[in-house]
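Asker: Residue numbers (our numbering), protein chains in the order written: chain A, 15 to 364; chain B, 5 to 389; chain C, 128 to 289.
It should be emphasised that the hints constitute simulated quantities derived from the structure, not laboratory data.
Predicted model only: the values in this text are computed from it and were never measured.
For glycine and all other residues, C-beta sits at the position ideal for the given N, C-alpha and C.
Do not take every clue at face value.
Below 20 Å or equal to it, Euclidean Cα-Cα: the simulated SDA-like pairs (lysine to any residue) are [unchecked claim]:
hint: 1; chain 1: C; residue 1: Lys286; chain 2: B; residue 2: Gly251
hint: 2; chain 1: A; residue 1: Lys56; chain 2: C; residue 2: Lys159
hint: 3; chain 1: B; residue 1: Lys24; chain 2: A; residue 2: Thr33
hint: 4; chain 1: A; residue 1: Lys56; chain 2: C; residue 2: Glu283
hint: 5; chain 1: C; residue 1: Lys286; chain 2: B; residue 2: Asp51
hint: 6; chain 1: B; residue 1: Lys24; chain 2: C; residue 2: Glu134
hint: 7; chain 1: C; residue 1: Lys286; chain 2: B; residue 2: Lys18
hint: 8; chain 1: C; residue 1: Lys286; chain 2: B; residue 2: Phe135
hint: 9; chain 1: C; residue 1: Lys173; chain 2: B; residue 2: Asp163
hint: 10; chain 1: C; residue 1: Lys159; chain 2: A; residue 2: Thr33
hint: 11; chain 1: B; residue 1: Lys265; chain 2: A; residue 2: His111
hint: 12; chain 1: C; residue 1: Lys286; chain 2: B; residue 2: Gly107
hint: 13; chain 1: A; residue 1: Lys272; chain 2: B; residue 2: His258
hint: 14; chain 1: B; residue 1: Lys18; chain 2: C; residue 2: Thr133
hint: 15; chain 1: A; residue 1: Lys272; chain 2: B; residue 2: Pro180
hint: 16; chain 1: C; residue 1: Lys162; chain 2: B; residue 2: Lys24
hint: 17; chain 1: A; residue 1: Lys45; chain 2: C; residue 2: Ala188
hint: 18; chain 1: B; residue 1: Lys157; chain 2: C; residue 2: Gly249
hint: 19; chain 1: B; residue 1: Lys24; chain 2: A; residue 2: His111
hint: 20; chain 1: A; residue 1: Lys56; chain 2: B; residue 2: His258
hint: 21; chain 1: A; residue 1: Lys272; chain 2: B; residue 2: Lys265
hint: 22; chain 1: B; residue 1: Lys157; chain 2: C; residue 2: Arg140
hint: 23; chain 1: C; residue 1: Lys286; chain 2: B; residue 2: Lys24
hint: 24; chain 1: C; residue 1: Lys286; chain 2: B; residue 2: Ser212
hint: 25; chain 1: B; residue 1: Lys24; chain 2: A; residue 2: Lys56
hint: 26; chain 1: B; residue 1: Lys24; chain 2: B; residue 2: Glu270
hint: 27; chain 1: B; residue 1: Lys24; chain 2: C; residue 2: Ser170
hint: 28; chain 1: C; residue 1: Lys173; chain 2: C; residue 2: Asp279
hint: 29; chain 1: B; residue 1: Lys388; chain 2: A; residue 2: His111
hint: 30; chain 1: C; residue 1: Lys173; chain 2: B; residue 2: Ile108
hint: 31; chain 1: B; residue 1: Lys24; chain 2: C; residue 2: Pro169
hint: 32; chain 1: B; residue 1: Lys157; chain 2: C; residue 2: Glu283
hint: 33; chain 1: A; residue 1: Lys56; chain 2: C; residue 2: Ser170
hint: 34; chain 1: C; residue 1: Lys173; chain 2: B; residue 2: Gly107
Between beta-carbon pairs, the in silico distance windows are [what the hints assert, rightly or not]:
hint: 35; chain 1: B; residue 1: Pro187; chain 2: C; residue 2: Glu273; range: 31 to 41 Å
hint: 36; chain 1: C; residue 1: Asp276; chain 2: B; residue 2: Pro187; range: 25 to 35 Å
hint: 37; chain 1: A; residue 1: Arg16; chain 2: C; residue 2: Thr192; range: 45 to 55 Å
hint: 38; chain 1: B; residue 1: Ile133; chain 2: C; residue 2: Glu261; range: 44 to 54 Å
hint: 39; chain 1: C; residue 1: Glu273; chain 2: A; residue 2: Lys212; range: 55 to 65 Å
hint: 40; chain 1: C; residue 1: Leu275; chain 2: A; residue 2: Pro87; range: 50 to 60 Å
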Amino acid sequence: MRDVAVVAYNQFATRRDETRNEIEMLLPVLKDTLGPLGLTTKDMGFTVSGSSDYLAGQAFAFVSALDAVGPWPPIAESHVEMDGAFALYEAWVRLQHGDIDTALVYAFGKSSPGDLGRVLALQLEPYLVGPLWPDAASLAALQARALIDSGKASEKDLARVVARSRRAAQDNPNAQLKGEVDEAALLDEPLFNDPLRKHDLPTISDGCAVMVLAAGDRARELTDTPVWIRGIDHRVESQHLGSRDVTTSASTRLAGQKAGADVGTIDLAELHAPFSHQELILIDALGLDETRTRINPSGGALASNPMMTAGLVRIGEAAKRLAAGEGNRAVAHATSGPALQQNLVCVLEA
Amino acid sequence: MAHRAAVLGTGQTKHVAARKDVSIAGLVREAADRALADAGCTWDDIDAVVIGKAPDMFEGVMMPELYLAEALGAVGKPLMRVHTAGSVGGSTAVVATHLVQAGIHERVLTVAFEKQSESNAMWALSIRIPFAQPLVAGAGGYFAPIVRGYIRKSSAPLDTGYKVVLKDRLNALKNPYAHLHQPDITYEQIAESPLLWDPIRYAETCPSSDGAAAMVIGSERAAEASERPVAWIHGTAVRSEPTMGAGRDRVNPHAGRACAKAVYAEAGITDPFRQIDCAEIYVPFSWFEPMWLENLGFAEEGTGWKMVHDGTTALDGDLPINMSGGVLSSNPIGASGMLRFLEAANQVRGTAGDHQVEGARTAMGHAYGGGSQFFAMWVVGAEKR
Amino acid sequence: MTEPVTEIITPIRMDYRYTPGTESSAFLRGMKEGKMLGRRCPSCEKVYFPARAVCSMCGEAFTETVEVKDTGTMVTFAVVNVNFANRVIDLPYVTAEVVFDGADTASMVLLSGVAPEEARMGMRVKAHWIPEAEWDFSLANIDYVEPLDEPDAPYESFKELV
Numbered sequence: 015m016r017d018v019a020v021v022a023y024n025q026f027a028t029r030r031d032e033t034r035n036e037i038e039m040l041l042p043v044l045k046d047t048l049g050p051l052g053l054t055t056k057d058m059g060f061t062v063s064g065s066s067d068y069l070a071g072q073a074f075a076f077v078s079a080l081d082a083v084g085p086w087p088p089i090a091e092s093h094v095e096m097d098g099a100f101a102l103y104e105a106w107v108r109l110q111h112g113d114i115d116t117a118l119v120y121a122f123g124k125s126s127p128g129d130l131g132r133v134l135a136l137q138l139e140p141y142l143v144g145p146l147w148p149d150a151a152s153l154a155a156l157q158a159r160a161l162i163d164s165g166k167a168s169e170k171d172l173a174r175v176v177a178r179s180r181r182a183a184q185d186n187p188n189a190q191l192k193g194e195v196d197e198a199a200l201l202d203e204p205l206f207n208d209p210l211r212k213h214d215l216p217t218i219s220d221g222c223a224v225m226v227l228a229a230g231d232r233a234r235e236l237t238d239t240p241v242w243i244r245g246i247d248h249r250v251e252s253q254h255l256g257s258r259d260v261t262t263s264a265s266t267r268l269a270g271q272k273a274g275a276d277v278g279t280i281d282l283a284e285l286h287a288p289f290s291h292q293e294l295i296l297i298d299a300l301g302l303d304e305t306r307t308r309i310n311p312s313g314g315a316l317a318s319n320p321m322m323t324a325g326l327v328r329i330g331e332a333a334k335r336l337a338a339g340e341g342n343r344a345v346a347h348a349t350s351g352p353a354l355q356q357n358l359v360c361v362l363e364a
Numbered sequence: 005m006a007h008r009a010a011v012l013g014t015g016q017t018k019h020v021a022a023r024k025d026v027s028i029a030g031l032v033r034e035a036a037d038r039a040l041a042d043a044g045c046t047w048d049d050i051d052a053v054v055i056g057k058a059p060d061m062f063e064g065v066m067m068p069e070l071y072l073a074e075a076l077g078a079v080g081k082p083l084m085r086v087h088t089a090g091s092v093g094g095s096t097a098v099v100a101t102h103l104v105q106a107g108i109h110e111r112v113l114t115v116a117f118e119k120q121s122e123s124n125a126m127w128a129l130s131i132r133i134p135f136a137q138p139l140v141a142g143a144g145g146y147f148a149p150i151v152r153g154y155i156r157k158s159s160a161p162l163d164t165g166y167k168v169v170l171k172d173r174l175n176a177l178k179n180p181y182a183h184l185h186q187p188d189i190t191y192e193q194i195a196e197s198p199l200l201w202d203p204i205r206y207a208e209t210c211p212s213s214d215g216a217a218a219m220v221i222g223s224e225r226a227a228e229a230s231e232r233p234v235a236w237i238h239g240t241a242v243r244s245e246p247t248m249g250a251g252r253d254r255v256n257p258h259a260g261r262a263c264a265k266a267v268y269a270e271a272g273i274t275d276p277f278r279q280i281d282c283a284e285i286y287v288p289f290s291w292f293e294p295m296w297l298e299n300l301g302f303a304e305e306g307t308g309w310k311m312v313h314d315g316t317t318a319l320d321g322d323l324p325i326n327m328s329g330g331v332l333s334s335n336p337i338g339a340s341g342m343l344r345f346l347e348a349a350n351q352v353r354g355t356a357g358d359h360q361v362e363g364a365r366t367a368m369g370h371a372y373g374g375g376s377q378f379f380a381m382w383v384v385g386a387e388k389r
Numbered sequence: 128m129t130e131p132v133t134e135i136i137t138p139i140r141m142d143y144r145y146t147p148g149t150e151s152s153a154f155l156r157g158m159k160e161g162k163m164l165g166r167r168c169p170s171c172e173k174v175y176f177p178a179r180a181v182c183s184m185c186g187e188a189f190t191e192t193v194e195v196k197d198t199g200t201m202v203t204f205a206v207v208n209v210n211f212a213n214r215v216i217d218l219p220y221v222t223a224e225v226v227f228d229g230a231d232t233a234s235m236v237l238l239s240g241v242a243p244e245e246a247r248m249g250m251r252v253k254a255h256w257i258p259e260a261e262w263d264f265s266l267a268n269i270d271y272v273e274p275l276d277e278p279d280a281p282y283e284s285f286k287e288l289v
């Protein structure tokens, strides 16, 4: 395998951008990411993005976003209707070919235009489950209930996750929910979707992220602090909640093993847990030791959750911190589908 | 560096206006089962799945690969979903090929489908975005002005399109999977069918189909271990350009020319007309055949229409095009690109049945999408390269 | 003996609050005032009308506003014989791609005031505006273009714009 590194990353997120559309949101982030490398989008060997039509409320939403890249002369480009983390996977695969040395990965999503709960209910089996319109929060709540009933976690553990997220997010200009919160006060809040409280749910965010990958020597030319992708894998489970043990994440465990996350020290982990209880499931699935590994130093998806982007952001945030010297080795994770159905794990090394 | 990859097996469903006998899962499973059987593989042999389809609005299910995980035998495996508009069937095959060429997997199942009877494709293609320009009258309404531009530029005879339709629909009679089987079709019928978007007539447009296509792409080791005929993948390429831009040439798009150039270079093709024995190209409206012949370098600019009139592109011509009946005979939108790639592979495997081009050793698969802006192509051969 | 279920109908309604964006907003505000505002790309210097978020050929934000005229050239067209959802117009109708004078891109508008068989590539046309009192934030303030009493533009002058 060719060595591939993250050489640049930037993101933007906000509660609701009612001034700019997706392309206008993306353009400055593209410039900010490529500019310092002395490159433009036209220098990239391959470009791939992640986004969702139903989120945007338009068919072919990725097509107009491509304008931001200025694909002229024509470029080698692709798109996945998935989180940008999977677009990164496609770029990593493409770089293995050996004929190109750089790839541009980007993702965007505005949750504010639509009713996100209703939009995500379309992500279900359409004959028996979809017509019941179970929104994502309700499905997550079923998982949280199973987790608590199994004895693997308590409500207090959920409050602890939220408090940690808010605290860490204070250093993150792209986080929407941040601050010091008292765990006991969190537990006093009313239930929203039993056993979840409002703060256990992710925030609604609009945002985008951009990342540049480079292979081998090209990575070293572009930056003094390349962050190498040492392993990357993803796996999917059945969508049916009744067909899998929702208190564990078998696909995260498997992807983590395949990516090499289960060996060596992990200094920090960015886990894509849109719901607080899911962070606990993921920590367990990846065998992380919270006393040795910083969990979600960015604040995670609880603090900022731009759809189709938050997974790529986990990888970017982990890479950014390794590049800044905050550790030597990190795990980044991205998820897709209801109740952690599909999971990608990436091991990064400075 | 890239490892070799080959098509080990293919499968598709019989394309029809509406499959009321299967769910979406049933549709994709049917094509996938056939591909596995054709490849002599079991579900356990498959390491990863790459699925592609056009906008989710066509079925009303967001990110349907999640619901389809079991149907695709993907539980516990990597699963990706590609969406590059109309070229998606092709670009999906390209992504799957790269997974094998990168040495990551031995066998990848790639599937593309559309079950457009579930929702309303016409509505999905014309969703009115507020404040945007009105007046998109379906895909035909978008492409008709471009076709007019080609006719003006090339001075092609006005019945060029009719001959393409006649050829493709007669070819389709030799393809049991094709949607439209019109044994009584005549040139006159086509010439007299109503003008939908002048200059495009009703008979010159593709149908709306439910359908799925699937292939098993394998490594060199897997191909050599197989007792079935394989198609070696000599080259793949994708290229994109903007939807609207001052300086685009929508009649002879630069992205198409660049994509062809790239795939020919990788496949060692220096003289496409001579070295490629046949091609399956994405022709949803008749006039795209002469337009793509020029765009792909088979004919000089402005002369592609001559190959239509002189029989070059007929099944028994020097460069058969769309032996399967093409998109004009079956159009499950998300699958159509993969059907082109699949049919090209079957030609060089010698498994194309009644629409087989005798002695085909090198074939091309082509897909396009959007406002003639997304292109995916591959060149396959009977020999290893 | 029960028949198998072959169809389940699930109505789906999704509401979206759509943000046109800064560039489109400027364009729409212009239209509300009867002004056709194009935007020039600082890199390729082409004028886009209507301008969307960026110059899609260069990936650059626009920097200059250029007012384009409401006369132009119909570079290509289609005669449409089939109505679509939300459109109810007398058939047949002509959809024209018009490059308004001063712009380098085409807009899609209806052509009226001439029989469809008289429509020609290169025809010079002029915008017909709906009454000013009805002007809204929309290109639809121009309900159609009609022929101008000018000779057709020569093919060479517009063939690159098709």
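Asker: Take the hints in turn and mark each one as holding or not.
Answerer: Comparing the hints with the structure gives:
1. C:Lys286 x B:Gly251: holds (11 Å)
2. A:Lys56 x C:Lys159: violated (37 Å)
3. B:Lys24 x A:Thr33: Violated: Lys24 (chain B) and Thr33 (chain A) sit about 45 Å apart, past 20 Å.
4. A:Lys56 x C:Glu283: Not satisfied, since the Cα-Cα distance of roughly 31 Å exceeds 20 Å.
5. C:Lys286 x B:Asp51: The given pair, whose Cα atoms are some 50 Å apart, is violated under the 20 Å limit.
6. B:Lys24 x C:Glu134: With Cα atoms ~7 Å apart, Lys24 (chain B) and Glu134 (chain C) stay inside 20 Å; holds.
7. C:Lys286 x B:Lys18: violated (42 Å)
8. C:Lys286 x B:Phe135: Roughly 29 Å separates the two Cα atoms, so the pair is violated.
9. C:Lys173 x B:Asp163: violated (37 Å)
10. C:Lys159 x A:Thr33: At roughly 18 Å apart (the allowed maximum being 20 Å), Thr33 (chain A) and Lys159 (chain C) satisfy the hint.
11. B:Lys265 x A:His111: It holds: about 18 Å lies between the C-alpha atoms, which stays within 20 Å.
12. C:Lys286 x B:Gly107: violated (47 Å)
13. A:Lys272 x B:His258: violated (41 Å)
14. B:Lys18 x C:Thr133: holds (18 Å)
15. A:Lys272 x B:Pro180: Distance of about 43 Å is beyond 20 Å: violated.
16. C:Lys162 x B:Lys24: Violated, at about 52 Å.
17. A:Lys45 x C:Ala188: Measuring from Cα to Cα gives roughly 11 Å; hence the hint holds.
18. B:Lys157 x C:Gly249: holds (13 Å)
19. B:Lys24 x A:His111: violated (42 Å)
20. A:Lys56 x B:His258: holds (15 Å)
21. A:Lys272 x B:Lys265: Cα-Cα ~37 Å, so violated.
22. B:Lys157 x C:Arg140: Answer violated: Lys157 (chain B) to Arg140 (chain C) is near 45 Å, above 20 Å.
23. C:Lys286 x B:Lys24: Given that 20 Å is the threshold and the Cα spacing comes to 47 Å, the pair is violated.
24. C:Lys286 x B:Ser212: violated (33 Å)
25. B:Lys24 x A:Lys56: violated (47 Å)
26. B:Lys24 x B:Glu270: Violated. Lys24 (chain B) to Glu270 (chain B) sits at ~43 Å, over the 20 Å cutoff.
27. B:Lys24 x C:Ser170: violated (53 Å)
28. C:Lys173 x C:Asp279: Cα-Cα ~23 Å, so violated.
29. B:Lys388 x A:His111: holds (18 Å)
30. C:Lys173 x B:Ile108: Cα-Cα ~45 Å, so violated.
31. B:Lys24 x C:Pro169: Violated, at about 54 Å.
32. B:Lys157 x C:Glu283: holds (10 Å)
33. A:Lys56 x C:Ser170: Holds. Lys56 (chain A) to Ser170 (chain C) sits at ~14 Å (cutoff 20 Å).
34. C:Lys173 x B:Gly107: violated (45 Å)
35. B:Pro187 x C:Glu273: 31 to 41 Å: The hinted range 31 to 41 Å is violated for Pro187 (chain B) and Glu273 (chain C), with Cβ atoms some 47 Å apart.
36. C:Asp276 x B:Pro187: 25 to 35 Å: violated (53 Å)
37. A:Arg16 x C:Thr192: 45 to 55 Å: holds (47 Å)
38. B:Ile133 x C:Glu261: 44 to 54 Å: violated (22 Å)
39. C:Glu273 x A:Lys212: 55 to 65 Å: Holds, since Glu273 (chain C) and Lys212 (chain A) (Cβ atoms, about 58 Å apart) stay within the stated range.
40. C:Leu275 x A:Pro87: 50 to 60 Å: violated (36 Å)
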